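Student: Sequence:
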Amino acid sequence: MELTLFALALLASLFLIPLGLPGTWLMIVAAIALNLLGGADDRVGIVTLIGVGVLALVGELLEFSVTGRYTRKYGGSRRAGWGAIIGGMVGAVMGVPVPIVGSMIGAFVGAFVGALVFEYTRRGADAGSASRVATGALLGRVVAAAMKVGIGFAMAVWLLFAAWA
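One rule links them: number in the numbering used here = place in the sequence shown (from 1) + 65.
It should be emphasised that the hints constitute simulated quantities derived from the structure, not laboratory data.
Bear in mind the structure is a predicted one, so any value in this text is a computation, not a measurement.
Keep in mind that a hint or two might mislead.
Across the chosen pairs, the derived CB separations fall in these ranges [as the list claims (entries may be wrong)]: (1) V208 to G110: 19 to 25 Å; (2) V158 to V208: 20 to 26 Å; (3) I115 to V161: 28 to 34 Å; (4) G215 to V182: 29 to 35 Å; (5) L73 to G193: 25 to 31 Å; (6) A77 to S130: 25 to 31 Å.
From the three backbone atoms N, C-alpha and C, an ideal C-beta is built for every residue, glycine too.
Start from the sequences and build out the full structure, keeping to the hints where you can.
Tutor: Here it is as structure tokens:
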């Protein structure tokens, strides 16, 4: 019974990731809870917990760095890359009051607006180049979210197999 509940918790956590919520970290919490409820016989070993913890950390780092990298790939400055990262974080927080998809939409819009403003206020930047850079930031945020979902899926499979074994 607890394995079924664990699988449902992993699935729910996986759906939280694209919404900008901490689904990868909730998977780790669910695995720790499974161990605590399982008594003396830990179902998920410490090596697995450390491994998925490293994956969760890599997912977080990718989420921020890919956005900035795409911003620069589309001609943006370092400043615009930071604007995309900061704007994405601010947008995710601002979007929280909107039910279900608010934080995701907020992060996408925030990355776009942050890169646009930071690039446009740079010396010599025009509206067309700032718009292209902001589009790159938006695409970077989408790619980063997809990569993080992929990492979350790998974590869920690893944890499920570890608990089942």
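Student: Each hint needs a verdict: does it hold in this structure or not?
Tutor: Now for the hints, and whether the structure bears them out:
1. V208 to G110: 19 to 25 Å: For G110 against V208, whose Cβ atoms are near 32 Å apart, the range 19 to 25 Å is violated.
2. V158 to V208: 20 to 26 Å: Between V158 and V208, where Cβ atoms are some 21 Å apart, the hint holds.
3. I115 to V161: 28 to 34 Å: Since the Cβ atoms of I115 and V161 sit about 30 Å apart, the hinted range of 28 to 34 Å holds.
4. G215 to V182: 29 to 35 Å: At roughly 30 Å between Cβ atoms, V182 and G215 fall inside 29 to 35 Å, so the hint holds.
5. L73 to G193: 25 to 31 Å: Violated, at about 49 Å.
6. A77 to S130: 25 to 31 Å: Taking Cβ atoms as reference, A77 and S130 lie about 27 Å apart, which means the hint holds.
Hint compliance for this structure: hints 1, 5 are not met, and every other hint is.
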